[in-house]
Structures are given as C-alpha cells and as structure tokens.
Amino acid sequence: MLADMIESIAKILFIFGMNIGFFAPVLGWVERKQSAVMQDRIGANRADIFGFTVIGLFHSIADAIKVLTKEDFIPTGANKFFHTAAPFISLVPAIVTFCVIPFGGRYTLFGHDVNLVISDLDVGLLFIFAFSSLATYGAVLGGWSSNNNWSLIGGLRASAQMLSYEVAMGLTIIGVLMVYGSLKLTEIGVMQENFFRWGIFMQPLGFVLFLTCAIAENKRAPFDVPEAESEIVAGYFTEYSGMKFVMFWMGEFLEIVTISGIVTTLFFGAWHLPFITDQMLLSFFQFAGSNGASILAMLVNIATFFIKVIFFIWMQMTIRWTLPRFRYDQVMKLCWKMILPLSLINIFITGLVFLR
Amino acid sequence: MQLLIFYILAFGAVISALLMVTSKKPVSSAMSLIATMVFLAGLYVLLDAHLIAALQLIVYAGAIMVLFLFVIMLLNVDEKEGRMAGNTILLQFGAILAIGLVFIMMVSLVKSGGTLLVFGEGADQFGTTKAVGKLLFTEYLLPFEIASVLLLAAIVGAVILAKRRIDDPDQKERIIPGHKG
Amino acid sequence: MSDITKDFNTEHMVINMGPSHPVTHGTVKFLTTLDGETIVDLKVDIGYLHRGFEKMCENGTWQQVIPYTDRLNYVSPLINNVGYALAVEKLIGIDVPERCKYIRVIASELSRICDHLTNIAAGGLELGAFSAFLYFVEARDIIWDLIEMLCGARVTANYVRIGGLKNDLPDNFKEKTLEVFKKVRSLWADVDKLLTKNRIFIDRVKDIAAMPPDEAIAYGFTGPCLRSCGVPYDVRKAQPYLVYDRMDFEIPIGETGDNFDRYLVRMEEITQSLSIVEQAFDQIPPGPINVDMPQYRWQSKDDVYNRIDSLIFHFKTVIEGIKPPPGEIYSAVEGANGELGFYLVSDGSGKPYKIKVRPPCFALTAAMPRMMKGRFIADIVPTFDMINMIGGECDR
Amino acid sequence: MNKMTDIDQKKCHPMVGVPIEKLRPKQVRKNLELTLWESLYIFEIIRGMYITTRHFVLNMIGFVFKPKGQKRRIFTVYYPEEKVTIPAAYRGRPVLVTWKNGKEKCVACGLCEKICPANAIMIVAEERDGSDRYPSAYTLDMSRCVYCGYCEEVCPKEAIVMSAEYQGLAERDRSKMIYSKEQLLRSEESVKDRIEYIRRIYSKCSY
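Residue numbers (my numbering), protein chains in the order written: chain A, 1 to 356; chain B, 1001 to 1181; chain C, 2001 to 2396; chain D, 3001 to 3207.
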C-alpha cells in the first residue's frame, strides 16, 4: 500500500514537474526562439540575470513575473464567474489528460511492480477524448462571457471547430483500436515492441489524419481560426489579461505536449527504441543488478519517450510557423468532407486487412 | 474513502442539478447541467463503469452540451424569454410529477432493503469495454440496432431541415459570384 | 417544413472593424454588418490619416513639396518623388539628362520591389504565414539598405529634385545591388515555394473578390489590381516615361482578377522589376544628372561658395521658389499600386496654386464593398491586403 | 471575356488602346487546376516545412560556425551591442558647424528657416562687432524635423549639416526635443566626413 502511494506520488510529481515546470515555460521560449531562428531573426534574448541571458531562457521567468503583476481585467458587462472560470476549464483538461499516457514499461523494482503511467485506465483513450472535449468549454465560455463581439465570434468558431474535429478525431483512431484491439494505452504501447508493428506502419493514413485533427482540436495554426488575430483580433481571449491569459496559453502548450504524447504512444512505438525490447534492455543492463537494471531501463524508456515527444513538439511548432491559416468554412469543410470520409475509408481498409 | 467520494459527488450532482433548474440565465443553466453530467460520470467511475463514465463525458458533456451552448450563444436568448414562470398550471403539473418521482424512488429504495450502494465484488469484468461491447453485440443487439436506425432517421431529418433551398431567392442573393461564377 | 431564416427572428450583427484593428494596416474603418460570418453590408470609412497634403502643398514652394510626397505611399516613396518631379518638369517643359532618367528608373523600380514585397509579406502575415512575412521583410530591408546608400534615408527618401536628382549613384552601387538581388531572388523563391502552390493559401485567396475587367475599369482600377483582371494596362508601357520604352519587360496579367491573380501579378512584377534594374545598370550612360537650367534648380555648392551672382540667385530660388509658367498639367507614373497621377496648377508664382494627387488605392478601396458583400468576414483580410490601401496615399 | 479573345484580330488592345506588341502581356496564371498531388495538402505542407527547416538548420549552423567577417549568419543586428554601418549619405540629426575658434559658421541668412518643409527652424539674427552676422538664437524643434536634408542642401556656408548621429533623438518630454543653438554646435572636425560628402555631391560636376 505504502509502496503504491510512493509510486503514484512519484509519478504524479514527475509528470507535473515535466509539464508545468519544464514544458510550459520552456515551450514559450522554444516557440519564440525556434520561430526566430527559422525566420532569420535572433529572438527574445534581453532578459538577463547579472548579465547572463542563457539564450533567452530567462524570458520565461520574466514573463511569469510580468503576468503575475499585471492587472486582471474584466470588461464591463462581462459575466464575472464564467469569465474567471473559462481559463481554468481550458487548462485543467490539458494537465489531466497526460495521466493516462504511459511513458515507460512495466518493471519490478525492489519486489514492487512499477508501471510507468500515472493511471493505467482501461478506457485510456476514451478518457483523453472525454477531457479534451471538456476543454471546448474554456474557449466557448471565454468567448461568450467577455461581452465582446469579436470574442463571441471566436467562441462560436471555437465551439463549432472543436466539436467537429472531436468527431473526426474519434474516427481517425478507430483504425488504431482495430489493429491493437485495446483502448488501454499501456497495452497499445506494449504491442509496439516490434518495430514493424509501430502505428505509423500499420496506420499511416490514420497518423496523418489524427495529427491534423489533434492540431485542429488544439486550435493552433493553421487551424487557429478561433483566435485568428488578423480577422477577429484575438478571438475568444481578446478580453483576457494577466494570469488568465497565460492560462489559456499554458493550456495550449500543454496540449501540444499531450498531443505529442498521444501520437508517440499510438503511432511511434511509445517508449520503445526501434528493434529493442524492454527485455533486451534489462539483459543489457544486467551488470547493475536486477534493481539497477530496472532503473536504467526505465530511464532509457523515459528518455526515449520524451525525445519522441520533443520531436513532435518541434514538428508542430514548425507547422505553426510555416503555414497560413484556413478560413472558418474551409476548416469545417476539411473536417466533414475530407478527414471524415478518409477516416471512414481508413477504417474500412483496416477492417479488410486486419479482421479478414 | 469511496463512500466519502460518493457523497461529495452525489452532493455536487444534486446541487448543480438544482442550480440548473433555478438559475435565471440560460448559460448558467447549461453549465450547471454540464457539471451534473461530470459528477454523474464520477459516480459511474465509482461503480467501476469506466466506459460509461468516459462516454458520458464525451457524448453528453462534451458534444451535446456544446451544441446547447452554441445555440444559446447564437440566439442570444433573453433571460426572461421562454421561461414558464407565469404558467402556473404547468408549474403545478411539474411539481406533482417531481414529487411523484421522488415518492416512487423512496418506495423502491425501502423495498430493496435500504442499501444505497453495493460495491462490486466478483465483478472484475463489469463495465469494461470488452464486457459492454460483448453485451451490446450479443444480448442487446436488437435494441442497439433499433437505436442506431432511430439516430440515422434523426440525422436525415436534421439534414433535410437544415438544407438550404437553392431555388429560394433570398438565399441566392447572398452569394455574389465573381464574373466567372 | 420550417425555414430557420424565416421562422426565427435573427438579427444582423453590426461591428466596427477598425480604425484600430489588425487587418487595417493603414487606419481605416470597416462598418460591417454580419449575418453570422457572412458580410451583408460593408462600409469603408477612410480619412483617419488625413493630413491635408494637398492644402499643405499650397503653402510651400515647389521644391518643398518633394519631402511631403515621401509620405504619400510611404512604402514606395521614390516613385512618388519621381512622379511629382516629372509632373513639374512637364509643367515647365524640361527634359532631364539621360543619366538622371536611368537613375530615376532604378530608384522607382527598387521602390516598386519594396512595395510588392511588403504587400505580399503583409498578406502572408495576415493569413498566418509568418515565415513568408519575415523572409520578404528581410528582402525589403536589404533593398532599403540600398536606398539608404543612395539617398540617405530608408523611407523618407527625398531624393529626386525638380530637373534632376539630389546626388549621383554612390560608389559600387551596381555591385552591391546585384549582390543584394541575389539574396532577394533566393528569398523570393522561398516565399514562392511557401505560398504559390500551398493549397491552404490558394484556398484563401483564389476566387475571392474577383472583378470583371469592365467593372474594374469602371471603378477606376489601375496597377496590379487591374492587370490581374486581364487588362494589360501599365503606364510604363502605355505612355512610356523616362526610359521605360528602352527596357525589356512584360506586363504580367491575370485572368479573373481575384486575390490569387493579384498575388501572382505582384510576384511576377517583382522579377520584372529586378530585371529592369539590371538592364538599367547595363545601359546607364555617364554624364550630368541635373538640367543646366539654373532658374529651376538650386545652384551647385561650388557656385554658391565662389560666385556672388550664383549666391544671389540661390537665395532667390530658395526663398521665392522656382517659378514654372502658369498653366495646368496632369502627369502620371506607374506607382506600385497603380497609376499615381499629379494634377498641378501653376499661377506663375513660386508656390503651387493647386496640387491634386490621384492615388491609385482610393479607387481600389472604393470597390471594397462591391468585392466583399456576401463573402466571409475572413475574406476581408486577403482582399484588403491585396488592394494594398495605403492610408497616407488614400487619405492624403 | 469575349472581349479578350479577339486580341489577335485587332491591332490595339480593346481596353487600353495601345498596340499589343508594345504592351507585351504575359499570362501569369497558367495552371488553374491543382494537381492531385498539390490538392492533398500534405505534400505541399511538407515542402513548406522543408523550406523553413532549411532556414532553421542553416541559421543554427551559422550560429556555431560564424561566417567570415560576421558574428552570425542571421540578418538581425543585435542593436546596442552591435551597430549598423551607416552609409555616407545617411541623414542623421542636423547640427551646426563651428569654426576652429568655436564660433558658429552660421551667418543667420535664414535660408534653412525658409526652406524647412516642417517649419522646424527658428533663427534670431544679430550682429557682432557691427559687421559679423550670427544667430543669437538658433532653435531646432526636433519633434518637427523630418530629416529631409534641405537645410544642408541650401546652406551657403556649410554651417548646418546632417550628422551621422542617430541616437538620443527621442525623448519622453516634448519640451526636451526643442534644441537650442548650444546643443546643436559641433566642431568642424567631428563632421568632416559629411562636409566632404556634401561638397562632392553638390559640386559642379553633378550639374
């Protein structure tokens, strides 16, 4: 019991630390810096502590101080309760969803079974969908409660877009479910031990469609119509400032991480290195004793997983800074007329091939 | 521990359901309903019905209620509009119905021996995706298919209702074609 | 059967887009009436950048107007300078030396490249393609470096003088320009690859705000927007000024006059202008850059320092201004957005009696409601960018 | 569109009235229809990502292996630490030039005051020792100045030149933007380059 508690707390702390402490601030920096280098600029590098700028990393700290001291503005005529609640509603699902994503295999440590996932839910995938569908309310309520026409348009766009893409996203991964026959993300991960059974080889079309839907669900370019700054100012968070604004942003960044985690788990072999099974890792680290081998193998798993995650984060950032934005009706058309039929075709083909 | 969580969830569900009925603003009502759904999902989790909980969140809280909110926001429903506050006959009818429902529930509870919750023992498979799926496609296949046909009919109906009539002159005016059409 | 639009009492949403809104790169207000996302009605409200340019000119001497013209289309100030100088020269009836003509061509084409680069860059930015924006802004910036080398300022050029130029080309200007053009071409190719065939970009701009050629002419379209309708009208070809008749270039024309055509025409014009500058460098003869007519020019410093008659004359031309003969004239150049015309009236005194500018984007802005009705609100973004309304020029 | 099709028969363009050979139109929109390849989004997206990634990688390499004579491959100038090289033609803050003895060259003739398109200059002339004209007050309102360089161009005494100063031109207080004569005086030595430059560009050979 105690060991279970310690294990759970350790895992929760690790994932929280990784998300809130590492990814959220660092991604803000990455987004600036990567886009800058990509566009022949230098990027933010002015914030310094005793003259050290650490290539602009202190900007995350400076930003944190700035937003904490900023005025928390609520426009007149706004619904105060929902205006305050909206950022939380959009942030919480982004944090919670990571708890079903496995970041390593199952090992025995000091006679205790350690499973490197916070909560090994039977309906892991559905859990992710459930919470990502709740994130819609953040955008919708934020847009509605601001008492601003641009925000309202942004909120309407957000609700329609996120709802549609949720449906499409659900269909895109049905192929994966058919291949692996489980909703449990750990099981899906275990089954990808064989390099040739990685999701990307089994479901190439499913991967592309899922990534598209996931980016659209996260409302990032090229699907950022709910916040299209050149059309509707900033969409649903036009009237937000200070910490609440940052919560929307953090929600967005954490969702990038979550999307990358899901993509890694479903399509890119989860925590596995190509051609190397967990058993091989254990036997390779045999020299460190059985516990030491477990720890080392765990570390390799975690490192592999997060390197893959970082790769997908980088990819999403590149997409965001490369492409122009869709128009609202085109976003919907893409969803209902392209992704939905394609995912149905994908399901059909998968059925033909795998179920026979 | 489980009982405590149950009470918290149940209390939340009741309170938010009451808020839904009593609140004056349509959006608040809708949000309270969503909260109710979330609490109910929590209750399902307590009952080991993870699948149902997830589906509750996805379908009801995530999808249907977003549409409700969407419509409320679009139509910008006035606070007083559509309220039945003045209609005493309907109000009385509703009150009688509610009281009757509560009465029936009490009776059935008393008859069942007064136990509120039975935590599953020997029901490992209960509520898992596999079990539900198996039940759905064997024992309850006919109701399942009937339900899907019903939904299909509803979809077709919705499409027909919402379809833009091409010959409608009002609608045609809205699109000004370029000289190439 | 019910019809939603009839059974429900729906209201249109009236919303102000601007005067301070990200889409309005000048300051302009769109009073839009929206039915959901569709624009039912759109009114363009201009004049937020009105500075009384035309009235201001009447208070200065003819030379003093030149810095003012920088602020007309502030993205391509050199073309405005050239246009004004050509108009005054036409009024006086002087012909500038050959070398001056070539330098003016080079200056105008550099400005035109800047304008088109800025335009397409801003279009990319507003559609969300941030990288394309910065690649073209970089290209523009290195061309601005050239302009700075040439005339001492990046934007407020004040380079052209009546009857000549402020100064000759700086040393190594040709080599530096060719070097810069290499970089500009590579960035142009990058943006071409990023946008021209990108399905998302095409979806956003294709078949949006198309104008039939006859209607475009009726609205008074000129420049890339008219050419995109398929009318090969270009002042540089139709009424050649300076030495454009000696240059080998084509008029890019589009087909439907939609935003995609406007974009393509501008992209093509950038390459054409690059080649015009290179041709001008090949053909440019040595010689003086100013007319030998002291009554219409300020004296050279040598004369002012050393000769008392020149000094007296210098004081006279500066204080009283040059005195063109009484009369009126209309002269047009091909500005970056279209025909930039100056209508000048002189009463024989040192100050202009009247200066009227025909800004190209005024007519284009006027066609916004025609192009936008029934479209989506998001279509305002590329359309307003592609007609390239410049507040300084439109409001004057 | 039918007007456009009979271009070939007519000699002049119907809408422009200028011979076609002279106009030389060039159709830029050749392939209207996208190929299947392009209409699938994904390949064009990959191509776009290739371009931005190429810039990214090259710039990253440029950060590490600096090209000759440059601090990095990137175009941006890291401003207060690095300075841009400004060309000889650059028009910075207008300054008054002094003789070697510290007296201003200006004789208060008022040409700059007259020609200034922004009316930024105000001169009060006085005579020193009964013959030497000088400006007892020379006020330059830098909040009005548009850096056109006309003052320098018309000055018959090389007394006012556009220096290369571009820092400290902005103030938080407008009243600080009005410069008096003392603030504008610079020794001849410090603006030697500019004086040479204006002697060259406004010399006789250009006319």
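Read the hints as simulated data drawn from the structure, not as lab findings. Mixed in with the good hints, there may be bad ones.
Claimed, not checked - BS3-like mimics (lysine-lysine), calculated; alpha carbons at most 30 Å apart, straight line:
1. C:K2316 - D:K3105
2. C:K2323 - A:K337
3. C:K2373 - C:K2351
4. D:K3176 - D:K3192
5. D:K3192 - C:K2174
Unchecked claim - Distance ranges between label pairs, derived from CB positions:
6. D:T3085 - A:F201: 15 to 21 Å
7. A:D4 - D:I3042: 52 to 58 Å
8. B:F1137 - A:P341: 52 to 58 Å
Don't be surprised by glycine CBs; every beta carbon is placed ideally from N, CA and C.
Hint by hint, here is what the structure shows:
Proximity of K2316 of chain C to K3105 of chain D is assessed by CA-CA distance (about 21 Å); at most 30 Å being required, the pair is judged to hold. With a CA separation close to 69 Å, the supplied pair K2323 of chain C and K337 of chain A exceeds the 30 Å bound. A distance of roughly 44 Å separates the Cα atoms of K2373 of chain C and K2351 of chain C; the hinted pair therefore is violated under the 30 Å criterion. Restraint check for K3176 of chain D and K3192 of chain D: satisfied, since their Cα atoms lie roughly 27 Å apart, inside the 30 Å limit.
Using a Cα cut-off of 30 Å, the hinted pair K3192 of chain D and K2174 of chain C holds, with the two alpha carbons roughly 26 Å apart. Distance hint check: the CB atoms of T3085 of chain D and F201 of chain A are about 55 Å apart, inconsistent with the given range 15 to 21 Å. For the pair D4 of chain A and I3042 of chain D, the beta carbons lie near 45 Å from each other, so the given range of 52 to 58 Å is not met. For F1137 of chain B and P341 of chain A, the Cβ-Cβ distance of about 25 Å falls outside the hinted range of 52 to 58 Å, so the restraint is violated.
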